[in-house]
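Asker: Protein sequence lines correspond, in order, to chains A and B.
Mapping to the working numbering: the first sequence position 14 is 14, numbers consecutive.
Mapping to the working numbering: the second sequence position 123 is 123, numbers consecutive.
Simulated from the structure, these hints should not be mistaken for lab results.
Heads up, a few of these hints could be off.
Claimed, not checked - Listed next, the in silico DSS-like pairs over lysine-lysine satisfying Cα-Cα at most 27 Å (straight line):
no., chain 1, residue 1, chain 2, residue 2
1, B, 104, A, 6
2, B, 104, A, 46
3, A, 79, B, 140
4, A, 177, B, 46
5, A, 137, B, 52
6, B, 46, A, 99
7, A, 104, B, 53
8, A, 6, B, 46
9, A, 52, B, 53
10, A, 104, B, 99
11, A, 180, B, 46
12, B, 104, A, 53
13, A, 29, B, 91
14, B, 52, A, 180
15, B, 104, B, 140
16, A, 26, B, 52
17, B, 99, A, 53
To be verified - A short list of chain A residues far from chain B (calculated; beta carbon distances all over 10 Å):
no., residue
18, 65
19, 72
20, 116
21, 118
Cβ atoms here follow ideal geometry from the backbone N, Cα and C, with glycine treated the same way.
2 protein chains.
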Amino acid sequence: MADELKLYGLGISPFVCRVRIALYLKGIKYHFIIEDVRNKSADLIKYNPVHKKVPVLVHNRNPISESLVIIEYLDDVWKEAPILPQDAYRKAQDRFWAKFIDDKLIPALLNAIMSHGQEQAIEEAQEQLQFLENELKGNKFFGGDNINLVDISATFIAFWLGGAEEALGIKVLTKDKFPKLTEWCANYINCQAVKGILPPREKVVALFNF
Amino acid sequence: MADELKLYGLGISPFVCRVRIALYLKGIKYHFIIEDVRNKSADLIKYNPVHKKVPVLVHNRNPISESLVIIEYLDDVWKEAPILPQDAYRKAQDRFWAKFIDDKLIPALLNAIMSHGQEQAIEEAQEQLQFLENELKGNKFFGGDNINLVDISATFIAFWLGGAEEALGIKVLTKDKFPKLTEWCANYINCQAVKGILPPREKVVALFNF
Chain A
1 MADELKLYGL
11 GISPFVCRVR
21 IALYLKGIKY
31 HFIIEDVRNK
41 SADLIKYNPV
51 HKKVPVLVHN
61 RNPISESLVI
71 IEYLDDVWKE
81 APILPQDAYR
91 KAQDRFWAKF
101 IDDKLIPALL
111 NAIMSHGQEQ
121 AIEEAQEQLQ
131 FLENELKGNK
141 FFGGDNINLV
151 DISATFIAFW
161 LGGAEEALGI
171 KVLTKDKFPK
181 LTEWCANYIN
191 CQAVKGILPP
201 REKVVALFNF
Chain B
1 MADELKLYGL
11 GISPFVCRVR
21 IALYLKGIKY
31 HFIIEDVRNK
41 SADLIKYNPV
51 HKKVPVLVHN
61 RNPISESLVI
71 IEYLDDVWKE
81 APILPQDAYR
91 KAQDRFWAKF
101 IDDKLIPALL
111 NAIMSHGQEQ
121 AIEEAQEQLQ
131 FLENELKGNK
141 FFGGDNINLV
151 DISATFIAFW
161 LGGAEEALGI
171 KVLTKDKFPK
181 LTEWCANYIN
191 CQAVKGILPP
201 REKVVALFNF
């Protein structure tokens, strides 16, 4: 039986983009079903009753929610183009950084954005960004020469953050403080697997125009 | 070379207990190094500079932080007594529920506790608990006959929540609303792998006596 894959999502969500980048890297074909966040489909509520949020991947009728859980699942089932390393210790480190991005860094950045660039909020976000800056070491990507789970998890930082900074006239990820991350952003959004999936820049800027 | 394992933690932390239960299940020997939360050791800050928190596992000089990341690592390296299932879909579901417990359920319960049982906070916590109640289905444990990642993730609910309820004279996990979870709590804390690791009940009650 051929695999049937449906991804419930929307183009503007960085969490949905994460999953689409993983699907692209693995060369997996899927149906992309666009959700209306203001009028969620009965399918979305049935498949993700806990959070009622995208992304949801449905693989042969089995629904999976949460972008990082979906990516680990894809990596478990489709072995080609691995997103997580084989080595258990490196895998644990990548999981740690992906979790750090979701639990600490993105909330701190959203706080800086929602406060319209309040000084203390920017400083707190920069404190967290510094950990990621250090983690790049001398590499092009967090995964070395190729993108991995940490790169994909940082999609928001690579593209959405810049849109918010432009919309609000603020700067969190400054080139002088974060030279490696600045270069990483440019490298990452120009990857073949990433650039075709990102939404138009003006839509991201408009999202933060509040 | 024999494996050298050190776990930095403290007895009263449910997140440290998670890791100790996983180590017990796998029959792994380790040195337990007790941290003073008010005077953190230089080792802890070196090994976990991002969060400066326990638990930290150091395996042959490689530090790993975050309880769920540590447990996945242990399960990757020590194959005996698996904590995650082999099947990719069941594994994704277990990861989803573990994440739900950390991201949604424990924060909602802490909110109910910190508010000293404010009605709306209790209702919100119960709404989240209901998802876990349903997930037990007719099983003794979330893992079926044996405990798995979801059971271990819910250690706070099995033991700490009851301590907080007693200290504050409130009730969130009521027997009438959550008959399956109530039974699960009793089954879980009586497991061989769990009961020897849990701190004394009176210490947990004292923790919430504020």
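Asker: All hints are to be evaluated individually against the structure, with a verdict given for each.
Answerer: Outcome of the hint check:
no. : hint             : in the structure
1   : B:104 with A:6   : 26 Å, holds
2   : B:104 with A:46  : 19 Å, holds
3   : A:79 with B:140  : 34 Å, violated
4   : A:177 with B:46  : 23 Å, holds
5   : A:137 with B:52  : 21 Å, holds
6   : B:46 with A:99   : 19 Å, holds
7   : A:104 with B:53  : 14 Å, holds
8   : A:6 with B:46    : 44 Å, violated
9   : A:52 with B:53   : 32 Å, violated
10  : A:104 with B:99  : 15 Å, holds
11  : A:180 with B:46  : 23 Å, holds
12  : B:104 with A:53  : 14 Å, holds
13  : A:29 with B:91   : 22 Å, holds
14  : B:52 with A:180  : 24 Å, holds
15  : B:104 with B:140 : 23 Å, holds
16  : A:26 with B:52   : 36 Å, violated
17  : B:99 with A:53   : 15 Å, holds
18  : 65               : 6 Å, violated
19  : 72               : 7 Å, violated
20  : 116              : 26 Å, holds
21  : 118              : 23 Å, holds
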